[in-house]
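Construct the complete structure from the given sequences, taking the supplied hints into account.
These are the residues of each chain, in order.
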Amino acid sequence: MANKSDSAISRREFARRAAFVSAAASLAPSNLLEAESIPVRQPAQQPANGPKLSPEGQAEVESRIQSIFAQYGSRLSDAQKADIRRLSTEAQLPLDRLRAFATENGDGPGLYLKPLLEREKKPSPKSAMPRPATAPKNP
Amino acid sequence: MPGEEIFYLSVSELAKRIESKKLSPVDLTHAYLDRSQKFGSRFNAYALLTPEIALEQAQAAEKEIQHGHYRGPLHGIPYAAKDLLAVKGLPTTWGAKPYANQVFDYNATVIDHLNSVGAVMLGKASMIELAGGMGYRFASASLQGEAKNPWDTTCWTCGSSSGSGAIVAAGLAAFAIGTETWGSIICPSAYCGVSGLRPTYGRVSRYGAMALAPSMDKIGPMARSAEDCARIFAAIAGHDPKDRGTVPIDKGAFTYSPSMELHPRPLKVGWLTNAWKSLEPGIAKPVEAATRILKRYFSSVKEVALPVGPWEEAGGIIVAVECAASFRPLIRSGRVSELTDPLGQLAGYVNEQYSAADYLQALKIREIAQKKMDSLFETFDVLAAASQPVPATPLPLNLETGLVFPDPLGALGNICGLPALSVPCGFADKNLPVGLQFVGRAGDDFAVIQAGRTFQSHTDWHKNHPKIH
Numbered sequence: 000m001a002n003k004s005d006s007a008i009s010r011r012e013f014a015r016r017a018a019f020v021s022a023a024a025s026l027a028p029s030n031l032l033e034a035e036s037i038p039v040r041q042p043a044q045q046p047a048n049g050p051k052l053s054p055e056g057q058a059e060v061e062s063r064i065q066s067i068f069a070q071y072g073s074r075l076s077d078a079q080k081a082d083i084r085r086l087s088t089e090a091q092l093p094l095d096r097l098r099a100f101a102t103e104n105g106d107g108p109g110l111y112l113k114p115l116l117e118r119e120k121k122p123s124p125k126s127a128m129p130r131p132a133t134a135p136k137n138p
Numbered sequence: 000m001p002g003e004e005i006f007y008l009s010v011s012e013l014a015k016r017i018e019s020k021k022l023s024p025v026d027l028t029h030a031y032l033d034r035s036q037k038f039g040s041r042f043n044a045y046a047l048l049t050p051e052i053a054l055e056q057a058q059a060a061e062k063e064i065q066h067g068h069y070r071g072p073l074h075g076i077p078y079a080a081k082d083l084l085a086v087k088g089l090p091t092t093w094g095a096k097p098y099a100n101q102v103f104d105y106n107a108t109v110i111d112h113l114n115s116v117g118a119v120m121l122g123k124a125s126m127i128e129l130a131g132g133m134g135y136r137f138a139s140a141s142l143q144g145e146a147k148n149p150w151d152t153t154c155w156t157c158g159s160s161s162g163s164g165a166i167v168a169a170g171l172a173a174f175a176i177g178t179e180t181w182g183s184i185i186c187p188s189a190y191c192g193v194s195g196l197r198p199t200y201g202r203v204s205r206y207g208a209m210a211l212a213p214s215m216d217k218i219g220p221m222a223r224s225a226e227d228c229a230r231i232f233a234a235i236a237g238h239d240p241k242d243r244g245t246v247p248i249d250k251g252a253f254t255y256s257p258s259m260e261l262h263p264r265p266l267k268v269g270w271l272t273n274a275w276k277s278l279e280p281g282i283a284k285p286v287e288a289a290t291r292i293l294k295r296y297f298s299s300v301k302e303v304a305l306p307v308g309p310w311e312e313a314g315g316i317i318v319a320v321e322c323a324a325s326f327r328p329l330i331r332s333g334r335v336s337e338l339t340d341p342l343g344q345l346a347g348y349v350n351e352q353y354s355a356a357d358y359l360q361a362l363k364i365r366e367i368a369q370k371k372m373d374s375l376f377e378t379f380d381v382l383a384a385a386s387q388p389v390p391a392t393p394l395p396l397n398l399e400t401g402l403v404f405p406d407p408l409g410a411l412g413n414i415c416g417l418p419a420l421s422v423p424c425g426f427a428d429k430n431l432p433v434g435l436q437f438v439g440r441a442g443d444d445f446a447v448i449q450a451g452r453t454f455q456s457h458t459d460w461h462k463n464h465p466k467i468h
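Line order of the protein sequences matches chains A and B. Under numbering that gives the first Met the number 0, the first residue of the first sequence is numbered 0, with each subsequent residue one higher. Under numbering that gives the first Met the number 0, the first residue of the second sequence is numbered 0, with each subsequent residue one higher.
Honestly, the hints are just simulated from the structure, not real lab data. Quick reminder that beta carbons are idealized off the backbone N, C-alpha and C, glycines included.
Quick partial rundown of chain B residues pointing at chain A, CB under 8 Å, derived from the structure:
#1 G315
#2 V349
#3 A361
If you want it as structure tokens, here you go:
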């Protein structure tokens, strides 16, 4: 299996996945992040059973959490806040793996139909008929 | 009135009887409606039954057929539509309390297509709220409650096309329409022992369907066989100017007839060695037997590994960001708290925080994944693996902690928009169904259908059904 256990994403369609995939704080409204009324937690608060994060990762998690609490905190119970803290923390390692994957400056964003469209100029395998033995390979 | 066996006949067989006027669409619809009214609530299978519409459509079909105007293999065939497809004038709840009273004044394109071929809509199938896009922890994450598996009502159907799976498995309709953004056709098909087709992204219009992650949402059939899926897919596929995500006209349409099987192309199968980390013993045995069928009846079967990369991470981010955008008003208004599931009430807040740079990194990774997968299909016509590594799970299971395993094939298949078909291939312990999936190149839906047809022509697992009393 290619995936190591420590990189396994919880599996249940979007269930946990959708919750896991969390955010960097760069889109958080700056006025909220700067609001004086927001208590800023120290970035060393790692949940006891949570993933081991770098200081930078933990700081990023904390920033996201505070952004959420600043915007929506009044709606959330303490239990829900704890859940958000956990979800945000657990999202960090997948995010780190995503960012660590090497992409080039020229790599384009994957438009979902691109492989199909790229083949428009090439022989298509869509026919129900048998392929000839010498069927050209796509370069 | 038709007997019990009629409920498990394939669309193809029902069509033969209807075309030859040996079976009345009205009688068939009455029978399915009675059965759905009797058993639907047992499985929480329906969001809504629509007997008046069904009987009106059935009577129209019968009249046309009697006058010699037979529209084709879906004419007079009863089906259920997942409750995220708009049907004019009816509630379309998306399985979620905040949308419980939502009514559209137009039909989804899929519904219009099915109307045009004379299919008969029995009702709307229940589903996981918002198709699971906001996350969910329990099978009960639905306006209709937990969907119970007809093979064992203490187990789940899987989601999010949960009602669609239950309806087909319990013989409450001849087929159902499901949707998949990530796993929502393949998993319920496997858990419920039915055949389910996830078409290539863009082959079926999503106009009038709830948007979850627009760059990954797909609509497809769940039915009794690969052939039935092909017939239904042929009816609903095609370019739609109202859905800019649909593929161009010349690539959208799909035609199918059994005569296409007369000269099948020899299929080269890539058996995936790393689709799942491990299979439960009850799954492994029937899957192993299925590989023997493949080796015997397919052109070639060779082991191959999926490319390694952060595909799940990329797919997860794409779903999360697009879902947060799709449901921004729900999140921002606070009405997200009306969702049933405790995780669904919160995940939107977390997902909303994503950065544009991370989303674009995920899209870049998607393109790399697409190229890698496309190159695999230079060698293989279809890839194959178990549909799921476990059988249907107990209803009360906490999915967040109790069902944890990597799913690179689900990630790659869905971020790359690849077609897939799940077919039954046996039973695990406690008589729970096991599924085998075929995944094809983008646009080559026929390959996965042909693979399923070939497999089902040499097995009869798809003809099994649970005993419903």
